[in-house]
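Chemist: Sequence:
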Amino acid sequence: MSAKFFPYLLAITTLFFWGIAPIFGKLGIAKISPYTALAIRSFVVAFIMIVILLIRGDFKELVQVDLKSAVFIGLEGIFASLIGHFTYYYALKLGETTKVVPIAGAYMLITVLAAAIFLSEKITLIKGAGIVLILGGVLLLRF
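If you read the sequence shown in the numbering used here, its first letter stands for residue 1, the second for the next number, and so on.
Some clues are possibly wrong.
[Unchecked claim] Simulated restraints on C-beta separations:
#1 I32 to L125: 29 to 37 Å
#2 L141 to F17: 17 to 25 Å
#3 T87 to G19: 16 to 24 Å
#4 G28 to K122: 37 to 45 Å
#5 G74 to F17: 21 to 29 Å
#6 G136 to F6: 40 to 48 Å
#7 G74 to L27: 28 to 36 Å
#8 A30 to V132: 34 to 42 Å
#9 F79 to R142: 21 to 29 Å
The hints are simulated quantities; they were obtained by calculation from the structure and are not laboratory data. The structure displayed is predicted, hence computed values, not measured ones. C-beta: ideal position from N, C-alpha, C; glycine also.
Required output: the full structure, derived from the provided sequences and hints.
Modeler: See the structure below:
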């Protein structure tokens, strides 16, 4: 497999797992609070990641991470895994999966704009058209 294609294969794999995960979330959150759901999710993921780090021998890297990297990853975790997933679970509990997921899934619009502002990444005409199509898709999926 081409090294150029591999990141896109990973992205497609991500698409699949992020696409199926809301079904489990909706079924799991039916009888519990978003707080409990997020705690269970976090414990399960933390346990699995600790096991993976131990098996791979990467646990030592965990204690050697530089402060800047740790702060940025920590902030990403707070924004995405804590606040983002809490509000997502709450929306999923109260709303229809087919309406909540497309809205939440449009997070990439914020990412593209933030990347342009903070990382100096370019928004080309094609990317701009993609943004418009994403917004249109989210609006269409509301009905």
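Chemist: Check each numbered hint against the structure and report the violated ones by number, ascending.
Modeler: Violated: hints 1 and 6.
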